Amino acid sequence: MEAAPLTLAAAPPARAARRPWRLPGGRTLTGLVLPLALALGWEAMVRAGLAQGRLVPPPSRVLATLWGLAASGELWTHVLASLTRVAAGFGFGALAGILVGALTGTLPLARRLVDPSLQALRAIPSIAWVPLFILWFGIFEASKITLIAVGVFFPVYLGVAGAIAGVDRKLVEVGRVFRLSRLELARRILLPAVLPATLVALRTGLGLGFMFVAAAELLGASEGLGYLLLDGQQLGKPDQIVAAILAFAALGKLCDAVLVGLTQPLARWQDTARDTL
Amino acid sequence: MLILDRLSKTYADGTRALADIALEVRAGEIVALIGGSGCGKTTLLRLIAGLDRASEGRISLDGESITAPHPGVGIVFQEPRLLPWLSVADNVAFGLADLPRAERRARVAHALERVGLAEHAGRWPRDLSGGQQQRVAIARAFVAAPKVLLLDEPFSALDALTRAGLHRHLLSLWEESRPTVLLVTHDVAEAVALADRAVVLRPKPGRIDDTIPLPLSRPRQPSSPGSEAAARTILASLDRSLRPEGEADRAKPDASALWW
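For the protein sequence lines, the chains are A and B, in the order given. Its first residue numbered 0, the first sequence is counted upward by one per residue in numbering that gives the first Met the number 0. Its first residue numbered 0, the second sequence is counted upward by one per residue in numbering that gives the first Met the number 0.
Chain A extracted, bound-state conformation (with noise of 0.2 Å):
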């Protein structure tokens, strides 16, 4: 009879851990079941010769393409030189962006003096500097991290800068109950406030750099995911070019998650939905 209510409370969390289709984190392989369906769907239409296949690869195909460069070590140079841009430009553009956001946000003459003229740079497309940068910095890496750093740099600014000017008064405030010198203020309460903000904004900056990374590589590379798009379409190659998109999308949300994992530990204390992220 005692063993009975004990067996009862440890059953559940067993049961949870067996069921299929679900992941470490409690999410579902549900989202799965439409692009598989699709990728099959349209394998067996080529197979069947109802569709011809050309300029839409099956699966198969890209598959076999992507094997192929990654055999041959192809692969692993393209992504190689791409991940290095993006992580030169994500981390000069993070950097400034972290810095001139801490600074307009605590300070208001810099706010004053900085913010419109970067407001108004932001409105500019960041492809617009393109034909500059190549200019100034020539066409190998130098422009291109640039032209990464600029788009990583805007939403990490306005990022860091929206959350210093949101910190809560009220917690600004239990600090100037104790005495709490500015530099201590800024490192006890705002720099924990802000910290979830900043999280999410390096996330942004993150995926702006891989659309930039790729845009800077189509329009002159001699190696990296983007070439390999390019070299694709010039040479009638789709195949390429989907095996291209899909080392990109892996590629992005391999460091997306990267990003995530060493920067999470900062914000369990949130009381949000971070599963959802």
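Accuracy of the hints is not assured; some may be wrong.
[To be verified] To give an idea of the interface, some chain B residues facing chain A are shown, with a C-beta separation under 7 Å as derived from the structure:
(1) I74
(2) R80
(3) P83
No lab work stands behind these hints: they were computed from the structure. Note that the structure is predicted; figures quoted are calculated from it, not measured. We treat Cβ as the ideally placed atom computed from N, Cα and C, and that holds for glycine.
Since the structure of chain A is provided, determine the placement of chain B on it from the hints.
Frame of chain A, contents of chain B only:
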């Protein structure tokens, strides 16, 4: 001794929030500031906490003028205002950063014990109920050992049962170090349950209308004759304070004047 000397506060837009507040509170006394909304109770506490500056007059604590947050003055706000990124224990320890670690730990553990939250020390504020959060805020203020503790309607958002429990926690913490307590409230029963003296404020601009001593022994029973008589006196005084000036004392209080 906390002395408020002819204190006035006029906001930048010309609103006169407080006029000529004069009050002397001796060390260890519990004073309830009571009044309808808009009579400057919170403004007065913010002046004493050093969060705002008075337009005229002077606040002094044991002869020292208060114009900015002072180590001898602690405050518990209307909301708990816990820092969501710190555990309960770290929130309580927030004002003790200068103390050696061992002493800090001991003080925090003791304060949490006193408010009955010892087993929640490692949890996040978000995991606590509203009443528990307010207890953490009270512990955070007490642990810094202030000479004067300001309480700004700290129990107004809580149900009556939780409030009675918090009154007990507050008094048990007060018994230990006997700080001067200034409690802002709009609840007559709360004033009677806690205070040595009730100061009734009158609105527009906020000023002191009446002072009612509450010489009741502790622990107090809300249903005892002494408490009930005191509550009636405060209610009558409050009623008078909310009536427009010049209007003669009417025998029967108008029902609409009892809205608080």
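Checked hints:
no., hint, in the structure
1, I74, "6 Å, holds"
2, R80, "5 Å, holds"
3, P83, "6 Å, holds"
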